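With the sequences and hints as input, model every part of the structure.
Per the working numbering, the sequence shown runs over residues 1 to 630.
If you're looking for bench data, these hints aren't it; they were derived computationally from the structure. Among the hints, erroneous ones may be present.
[Claimed, not checked] Subject to a maximum C-alpha distance of 20 Å in a straight line, what follows is the list of computed DMTMM-like cross-link-like pairs (lysine to aspartate or glutamate):
| id | residue 1 | residue 2 |
| --- | --- | --- |
| 1 | Lys395 | Asp442 |
| 2 | Lys281 | Asp87 |
| 3 | Lys160 | Asp29 |
| 4 | Lys395 | Glu348 |
| 5 | Lys4 | Asp400 |
| 6 | Lys133 | Asp87 |
| 7 | Lys62 | Glu112 |
| 8 | Lys432 | Glu385 |
| 9 | Lys179 | Glu268 |
| 10 | Lys62 | Glu141 |
| 11 | Lys272 | Glu385 |
| 12 | Lys281 | Asp61 |
| 13 | Lys233 | Glu192 |
| 14 | Lys462 | Glu383 |
| 15 | Lys4 | Glu141 |
| 16 | Lys62 | Glu567 |
| 17 | Lys395 | Glu383 |
| 18 | Lys272 | Asp222 |
| 19 | Lys524 | Asp550 |
| 20 | Lys233 | Asp215 |
| 21 | Lys226 | Glu268 |
[As the list claims (entries may be wrong)] Distance ranges between label pairs, derived from CB positions:
| id | residue 1 | residue 2 | range |
| --- | --- | --- | --- |
| 22 | Lys290 | Leu504 | 20 to 30 Å |
| 23 | Asn459 | Asp282 | 43 to 53 Å |
| 24 | Gly223 | Lys316 | 36 to 46 Å |
| 25 | Gln585 | Ala163 | 29 to 39 Å |
| 26 | Asp222 | Ala37 | 18 to 28 Å |
Note that the coordinates shown come from a computational prediction; the quantities given were computed from them, not determined experimentally. Just so it is clear, CB atoms sit at the ideal spot from N, CA and C, and this is done for glycine as well.
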Amino acid sequence: MENKSLLYPCASAARRVISLDGMWRFEFDPESNGMDAGWGVGLPKPISMPVPASFCDFFTDKESREYCGDFWYETDFFVPGEWSGKDVAIRFGSVTHRARVFVNGVEVVNHEGGFLPFDANVTEIVRYNQYNKLTVLANNELNEYMLPAGQTNTLSNGKKVAAPYFDFYNYAGIHRPVKLLALPKERVLDFEVTHRLVDGGAEVDYTITTNGSHDVTVEVLDGTTKVAEASGKTGTLKITNAKLWNVHAAYLYNFVIRITDGHAVIDEYFDKIGIRTFEVKDGHFLLNGKPVYLRGFGKHEDSDIRGRGLDLATVKRDYELMKWIGANCFRTSHYPYAEELYQMADEEGFLIIDEVPAVGFMQSTMNFLAANQGNGKKVGYFEKETTPKLLENHKAALTDMITRDKNHASVIAWSILNEPQCTSEGTEAYFKPLFDLAHELDPQKRPRTYAIVMMSLPNNSKGQQFADFISLNRYYGWYVMGGMCIVDAETAFRKEMDGWAQVLNGRPMIFTEYGADTMPSEHKLPSVMWSQEYQNEYLDMNHNVFDSYDFVQGELVWNFADFQTTEGIMRANGNKKGIFTRQRQPKDAAFHFRARWTSLPVDYKGNTERSSPCQKHLTTSRFTATPMGR
Numbered sequence: 001m002e003n004k005s006l007l008y009p010c011a012s013a014a015r016r017v018i019s020l021d022g023m024w025r026f027e028f029d030p031e032s033n034g035m036d037a038g039w040g041v042g043l044p045k046p047i048s049m050p051v052p053a054s055f056c057d058f059f060t061d062k063e064s065r066e067y068c069g070d071f072w073y074e075t076d077f078f079v080p081g082e083w084s085g086k087d088v089a090i091r092f093g094s095v096t097h098r099a100r101v102f103v104n105g106v107e108v109v110n111h112e113g114g115f116l117p118f119d120a121n122v123t124e125i126v127r128y129n130q131y132n133k134l135t136v137l138a139n140n141e142l143n144e145y146m147l148p149a150g151q152t153n154t155l156s157n158g159k160k161v162a163a164p165y166f167d168f169y170n171y172a173g174i175h176r177p178v179k180l181l182a183l184p185k186e187r188v189l190d191f192e193v194t195h196r197l198v199d200g201g202a203e204v205d206y207t208i209t210t211n212g213s214h215d216v217t218v219e220v221l222d223g224t225t226k227v228a229e230a231s232g233k234t235g236t237l238k239i240t241n242a243k244l245w246n247v248h249a250a251y252l253y254n255f256v257i258r259i260t261d262g263h264a265v266i267d268e269y270f271d272k273i274g275i276r277t278f279e280v281k282d283g284h285f286l287l288n289g290k291p292v293y294l295r296g297f298g299k300h301e302d303s304d305i306r307g308r309g310l311d312l313a314t315v316k317r318d319y320e321l322m323k324w325i326g327a328n329c330f331r332t333s334h335y336p337y338a339e340e341l342y343q344m345a346d347e348e349g350f351l352i353i354d355e356v357p358a359v360g361f362m363q364s365t366m367n368f369l370a371a372n373q374g375n376g377k378k379v380g381y382f383e384k385e386t387t388p389k390l391l392e393n394h395k396a397a398l399t400d401m402i403t404r405d406k407n408h409a410s411v412i413a414w415s416i417l418n419e420p421q422c423t424s425e426g427t428e429a430y431f432k433p434l435f436d437l438a439h440e441l442d443p444q445k446r447p448r449t450y451a452i453v454m455m456s457l458p459n460n461s462k463g464q465q466f467a468d469f470i471s472l473n474r475y476y477g478w479y480v481m482g483g484m485c486i487v488d489a490e491t492a493f494r495k496e497m498d499g500w501a502q503v504l505n506g507r508p509m510i511f512t513e514y515g516a517d518t519m520p521s522e523h524k525l526p527s528v529m530w531s532q533e534y535q536n537e538y539l540d541m542n543h544n545v546f547d548s549y550d551f552v553q554g555e556l557v558w559n560f561a562d563f564q565t566t567e568g569i570m571r572a573n574g575n576k577k578g579i580f581t582r583q584r585q586p587k588d589a590a591f592h593f594r595a596r597w598t599s600l601p602v603d604y605k606g607n608t609e610r611s612s613p614c615q616k617h618l619t620t621s622r623f624t625a626t627p628m629g630r
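Listed below in structure tokens is the structure:
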């Protein structure tokens, strides 16, 4: 689209928004004949398909559920005559993994990347006061230069099958809302804000990007009361006695941007901003200048039936469970989530580590297991022929993620990759431009990190030098030295932690993954792996280690809820490391975490009196769970 914008759609005096969500028409195209056959102007034998949703779990036959290749969506939409004179656009929240979009048979946009928005200007193509046809040719095949990475194989029967290098299911479809927009010709394309806390209040520096030259005004409203205003595309808003955004105590101001011509409003855009600062300093995370200890989850956009499709009912349930358990943070593993989740985090006061979909950057026969046991069969992912194209796609996804999410108060850090192979010679040349780009793009200069796989140790990881804080994915006691060997697992864990202490150079560390697969039906005395009792014992061991090191400033357990994966001998109908079931009901570990997290002070380890070496003994005694963890 000309003057592309990733601003979330809003209706105002100058803008109109119509949802195109609902039941669309759908058809598989396994031979990729649809283009030549003219499917862009009409599907021959479609079935009904809800949007937004993954298509996979609606089907009862395996061939449809596991389908890999081209597939089509189609719907009709009406354009009001009074929109004539405005720019008409169609915006997709996401289509996984790539999409070609047609309106009335004319291709209007081609987009690669399944987890971020894109739009198309269709002003000259739509028919006003008539119905128009919208068609999407999508594809879910995997390759080694895309995010996330994998490959596509062909079976003996000629059917394609996805072979992901990542440990979650390759859900596909139109996963997020589709909007029809009417926009003024001259309009706001983007804005950014940065915050400073000063005596008596706060100062908000802003920059507005438009596609024209008319005057711009900005207002900040506390409810309906104007508390600051300024003119110009750049400026500073001074807010007296500012109400700061904080953990579980979020406060949002209404932010109004107008383009004016005298007294006439050309464009008007609304958003909400939370005033807060966040930084890494002296080994701590500081929110509004005060230490905060991160506690929460790695998550997935994953639920029954709709797969990865946005489901606001599930989103609401997830936030209520996170509030109940005492969490304050989550990582958008392993891709940017739907914008509505960030809006709710802004409203509820949750912290987000925002992750680009750079996962699967380690090829091995059993990727995640080999990675955690340190015996990956193939390394050197950043020295392939595909690396230049991968880096180009990586930069594009990182740019769109930061552009989309930079103004959210909830977003406190950028995660540039998850579990990449980062011990070979090509690591530094691949990492540096990405970390530099994130710093360049973000007006708030949030800290940058990446989730470090288990075979990447303090003495061989070539990527950790670029991170503003260290994020470890560790499974001592599960993939490594599980069961009776958990005693040795703790010893090995502490040895590695002592090694990290030598290279942190004042940076904090968090755990972005730790966990044990657990069947909610399994109880065993004495414990065995996969039982709920073992999950709690595993967590006790990990928390004892965390509590022993002052530089550990956060714990994000893997995973919030059980989630779907590719079938295989390592998985019993998906990954079962959830603290909650896939249906969002608690396992025993949920009560275990609630006891721990609701008792830890907000600034745990932010005060030297609280973070002495004996803290681990206090914690062990304090949080020992009963067999039911209640």
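* Structure versus earlier hints - violations, ascending order -> 2, 4, 7, 11, 12, 15, 19, 23, 24 and 26
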